[in-house]
Each structure stands twice: as C-alpha cells, then as structure tokens.
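Note that the protein sequences, when read in sequence, are chains A and B.
Position 248, counted from 1, in the first sequence is what our numbering calls 248; the numbers after and before it change by one each time, with no gaps.
Position 31, counted from 1, in the second sequence is what our numbering calls 1031; the numbers after and before it change by one each time, with no gaps.
The reader is advised that the hints may include incorrect statements.
Where chain B lies over chain A, by a calculated footprint (3+ residues, C-beta under 8 Å) [stated by the list, open to error]:
#, region
1, 28-40
2, 182-192
Taking CB as the label site, the calculated pair distances span [claimed, not checked]:
#, chain 1, residue 1, chain 2, residue 2, range
3, B, ARG1340, A, GLN98, 36 to 44 Å
4, A, GLN98, B, GLN1171, 52 to 60 Å
5, B, SER1135, A, GLY6, 43 to 51 Å
6, B, GLU1015, A, PRO165, 34 to 42 Å
7, B, ASP1193, A, PRO165, 31 to 39 Å
8, A, GLN98, B, SER1038, 20 to 28 Å
9, B, GLU1178, A, ARG191, 37 to 45 Å
Hints were generated in silico from the structure; no laboratory data involved.
Since the structure is predicted, the reported quantities are computational estimates derived from the model, not experimental observations.
Glycine is no exception: its CB is placed at the ideal position from the N, C-alpha and C atoms.
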Amino acid sequence: MMRRYGDLAGLTLYALLLAIAALFALVPIVVSIVISFDDRTFIGPFPPSEFSLRWYGEFLSDSYYHEGLKVSLLVSGIATAVSTTAGVMAAVALDRFQFPGRNVIQALLVSPLVIPTVVIGFAMLMFASRLGIIDGLPRLIMGHIIITLPYVVRTTLASLTGIRPTLYEAAISLGATPLQALWEVVLPLARTGIFAGAIFAFVMSFDEVAVSLFLSDPFTYTLPVALLAQMRADLNFTVAAVSVIFLLFTILLIWVIERLVGLDRLVGQGIYRG
Amino acid sequence: MPALDLQDIKKTFAEVVAVDRASFTAEAGEIIALLGPSGCGKTTTLRMIAGFETPDSGQILIGGKDVALRRPYERNIGLVFQDYALFPHMTVADNIGFGMKHRGVARGEIPTRTADALARVKLSGLERRRPSQLSGGQQQRVALARALVTEPDVMLLDEPLSNLDAKLRHQLRVELREILSGAETTTIIVTHDQEEAMGLADRIVVMNGGKIEQIGTPQELYARPQTYFVADFLGGANWLPGRLAACADGRAQVDTSVGPISGRATAALPPAAPVALCLRPERLAVLPDRTGAEDYETLLPAEVELVEHLGANLRYWLKLTSGERLHAEAKNLGAPLPDRKAPVQVGFNAEDGIVLALPQDGEA
Chain A
1 MMRRYGDLAG LTLYALLLAI AALFALVPIV VSIVISFDDR TFIGPFPPSE
51 FSLRWYGEFL SDSYYHEGLK VSLLVSGIAT AVSTTAGVMA AVALDRFQFP
101 GRNVIQALLV SPLVIPTVVI GFAMLMFASR LGIIDGLPRL IMGHIIITLP
151 YVVRTTLASL TGIRPTLYEA AISLGATPLQ ALWEVVLPLA RTGIFAGAIF
201 AFVMSFDEVA VSLFLSDPFT YTLPVALLAQ MRADLNFTVA AVSVIFLLFT
251 ILLIWVIERL VGLDRLVGQG IYRG
Chain B
1001 MPALDLQDIK KTFAEVVAVD RASFTAEAGE IIALLGPSGC GKTTTLRMIA
1051 GFETPDSGQI LIGGKDVALR RPYERNIGLV FQDYALFPHM TVADNIGFGM
1101 KHRGVARGEI PTRTADALAR VKLSGLERRR PSQLSGGQQQ RVALARALVT
1151 EPDVMLLDEP LSNLDAKLRH QLRVELREIL SGAETTTIIV THDQEEAMGL
1201 ADRIVVMNGG KIEQIGTPQE LYARPQTYFV ADFLGGANWL PGRLAACADG
1251 RAQVDTSVGP ISGRATAALP PAAPVALCLR PERLAVLPDR TGAEDYETLL
1301 PAEVELVEHL GANLRYWLKL TSGERLHAEA KNLGAPLPDR KAPVQVGFNA
1351 EDGIVLALPQ DGEA
C-alpha cells in the first residue's frame, strides 16, 4: 500500500513539473498575444483594460515593416531554394560515394550549426566586402544560404541513409542512367527529408537576427532586424502584433506540413524511413 | 555460341581474392545455379555479370560480346534482388513499366506488356497495388515480372527464395521453375541452398573460396563429386578417412580404421594421399539381423544410438563397434523401429562409396 502512495506522489510531482514547464513556455506567448491587442501606448498593469487592433494597423500601415517583410520573404525564399538544391546534391554525394575527405566535407557542411551566428555574420560581412559586394540583398542571401544549408544536408542525408541501396541498383539494372535512377527512385523516396529540411531552412532563415544585423544595409533589412531597430528607437507593441502574425504563420506552416506529409513523419521516423 | 560466357574472371577487394579465375558458360535458355557457402564469391560473380563490379581481369561475354567494362544500364540484364527491391513509391504497374520505359519500349505497348507479365506470374489485377500491400511471395513474383518483361539477355536471381518461409519456398520453387522455363531466358541463380540449386537449375556451378570446385548437372554433382567439398556440400555424407591402398579403373581401395573398403574413384587420386570414403546416408542399409546380408560386400557391426522419425524417411544415428559414428536414411515402410542400443549391421557395396582426396590445410 505504501508503494502505491509513493507511486502516486511521484506521478503527481511529475505531472506538476510537466505542467510548470508547459506554462513556462506558453505564458509569455499568451501575454504577448494579449498585449498585441492592448489599446494603451505604454506598458501598464496586466491584463489591459481596453482592447484594439491599433498595433496591427500600425504594422500594416508602416512601410518600414513592409520593406522588412518583403526583404525577409525574398531572402528566405531564395536562400531556401538555393540551400535545398545544393544541400540535396551534397547529401547525395555524401551518401553515395566514399571518397577521401568525405567526413571533413560533411563536418564543414554542418558546421554553421555550431558556429555562433555573430561570427558567421561578421565573417560574411568581411568576405563580401573583400569581394566588393556592398549591396545588402546579395549579402543577406549569401549569409542565409550558409546558415540554412546544414538543415537540408542533415535531414536529406538522414532519409537517404534509410533507402536500401538495392533500389538504386534495381533502377540501374532496368536501364535507368544514374541520374534517372536518382531522380525517379532515390529522391522521391527521400522527399520527406528534403521537404523537412527546406521547411526548417525557411523557418530558421525567416527567424534569423544576428547574421542579418551584420549583413543588412540601411535600405535592405529583414523583418526581425526592422523589429529590433524599431524596438530600440521607440518601444511599442507593434512587436507583439508582429509576433502574433509570426505565430499564425508558423501554425499555418505546420498545418500545411501536417496535410502534406504528416507531422509525426516529418519530425520523427519519416526522416529516417523515406 | 553460349548466351553467357565467363572467362578467367578475377576480382580482388582490398587484397582479398573474392573470385579467382572463374570460368563457366551458360547456353541460351539454360538455368545455372551458382552454389556455395557465404563468402565463396558467388554474389561477387553475379554482381560482375550485372555490371555493379568490374573484374580485375578476364572477360564476360553476353551473346558473344565482351561486356566486362559496360555499365549496368548498358547491358540487357534482368535482376531479381534478394530483398526484391521493388520501388515502394510506385504501383505494381509502374514498377513493371520502369524497365520498359528506360529501355525504349513504345509508350502504347507498356500497358499490354505489363498485363502479360503479370498474367505470367499469376498476379493479374494487382496493377494498382503498392508493394507494401503485397505478401512476400507476391512481391517476389512482381520483382520477377519486372525483370522478365524487358526480355533480358540474361536473368540474374540473387537468393530468390531465401526471404520466404519454408512452406512458401517449396511452392514458389516449383512456380519459379515453371516461369523461368516458360520465359526461355538464360538464368543465373545465386544460392547457398543446395536443395534450391538442385531443384531449379539445369546445371550447378559449385564455388568455394572464390574458386569453382565443379560444374555439372545436379545428378552428376551428387553421384560423381570431384572434390571433398562438393560431396560434403551437396546432400548428407558420412566420411571414413584413411590411406589410399590401391586405385585402378575407377575403383579405389582405402585402408580405414574399420578395415580396407572399396569405393568409386571419381577424380584422380595422388598415391598415398590422405583420402576419405564418402557414404551417402541413403546408400547405407541398416540390417537388424543377417537377412539380406549377402547383398553387401561390406558389413560393419554397429549399434543404434537414435532413430529420427522424419515422416517419409527414418534417420538412423549409428555408432560402429570401432567407435565411428554414421547416419543412414531409409524409407519409412512401417516396420517396427529398432530399440536404442540394438545391435545392427550396416551394409553397403563398393558402388555406394566415393573415394575423394581430403583437402589440405587452408583449403575448404
């Protein structure tokens, strides 16, 4: 009987800790959602007494944010497209061939994950100025390709590893050239991993602040950089409104993934199973 | 001209000789089994015929043309993999159509040929299924249809039945034989299962340690093995080691621990070489008393250790008075089983024994 009470106490404690952890993650989000509808222009007692959509209106009417959003979508879109293409090609090479320096190349491709983004941002800035690139947009795209590439390489490599090598050989034996076998058999089977990598890449790029801070110029800046600058200059709740829009955008993305491939397949086994 | 001709094929992986100067031919429509234990080089040989590996030296002639340096997709080969390797993201019809598409079969012809191929493997109507919706046996037949539909010059089957359970394997072996004979395609089957090889193949190439031990029909290999390895690998065998005493006209006399015994000599035996007499279990007669003893040149006293009831057959585990253990197999004709420790006589003739040289250390 004592054991049972002990188990119950343990379970209760466990449930409590889980609930606290969940609250810890959720409360700030809920607060910012509520604040985004706050009618006041100063930070007052919570919860607010008057609600309005003024911060959303502010966001929608301010061309400064528009420009940021436009640049963000452009940079993230192009960076995702380039890093997905390059990352898939790199992953195929790493998966299919054994060559000297293979491990070094794999480590290099994934290394941006562990290098501080501030370092990448600074290095890219120096590198770009050496190359004579002083325009913000190409600089931003270059930097974002570097930071998004590891996600595509990793997820694609993981799903390629799960594809039996006999499938490729079967395609070849049936008269397909290596390129056709890759295109018609291997890549379709790795599509979950490729798709997951592309989505991760887009989200990471869209979210990125540090690298973008270094590589932006006065006329070309991403949305997070715009928000940061605006917050520094004049703290208002537009940031909260934009956070909510960000949140909705993420939820939409997750819904799309769920409809297309199934979320559990994307984050779990799917990466390994193809 | 043989449909497939391997001449002096050699392949080394990181200084390990996988295939050592192997040569054999297959006539058009013939079914050849490459038989041997794992690591004997049979799979490497298959992969060289398919083009996944390039031989270090030697020639691979298909229809008289050397293809040793051609890539797999430049050869007209049909391959059935051990794991079937069906494309999981395609339907059965798309799997079967894949080869035709890439080998330039006219688009309009593909559906009819797909249906024909499915009918040939008795899977009509399953065109729209996915491989994951098929049983193991059905997947195997789809893989077979996919390889056959392009009318390859040579069909290659890698352990075709090893992924199936025992009962299905028997049934599919018969079907496979029918399908392959019906297709009249030259076929190479790689297997480690001697029953599969004997049941499917017109001729068997027995491989061991990268070398070909013997090539022959299943009957030839079983009745006239040339080496210790072949005799031991195919079917059951009892071995009585000894010294070669005399050898002439295909007869050899061996001094064994149970006395001098005569047997057939199927291969040249070096004088005074260590040899062994191979006695097939079904060629040994187990006599409970003296009845019928006059039919046998050699009679050895023994006692019964165990009788295994195998249904159609009985397997006797016997211990000779001199200490050697033998096993014998006889048809189960319903006679009462001998008791344990019962004294019996083991009878056989010179025709029943095969004298072969014992392998030297490092061989076999």
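The hints, checked one at a time:
Only residues whose C-beta sits within less than 8 Å of a C-beta in chain B count toward coverage, and the region 28-40 of chain A has 0 of them, not enough to reach three; the restraint is violated. Residues of the region 182-192 of chain A lying with their CB closer than 8 Å to a CB of chain B number 4, which satisfies the three-residue condition for coverage. Checked against the hint of 36 to 44 Å, the C-beta distance between ARG1340(B) and GLN98(A) comes to roughly 59 Å, which is inconsistent with it. The given range of 52 to 60 Å is broken by GLN98(A) and GLN1171(B), whose C-beta atoms sit roughly 41 Å from each other.
Separated by about 50 Å at the C-beta atoms, SER1135(B) and GLY6(A) satisfy the suggested range of 43 to 51 Å. Judged by the Cβ atoms, the range 34 to 42 Å given for GLU1015(B) and PRO165(A) is violated: they are separated by roughly 24 Å. As the Cβ distance of ASP1193(B) to PRO165(A) is approximately 24 Å, the hint placing it in 31 to 39 Å is violated. Under the hint 20 to 28 Å, the C-beta atoms of GLN98(A) and SER1038(B), about 23 Å apart, fit the expected range.
The hinted window of 37 to 45 Å between GLU1178(B) and ARG191(A) holds, with their beta carbons roughly 39 Å apart.
Taken one by one, the earlier hints fail for this structure at numbers 1, 3, 4, 6 and 7, listed in ascending order.
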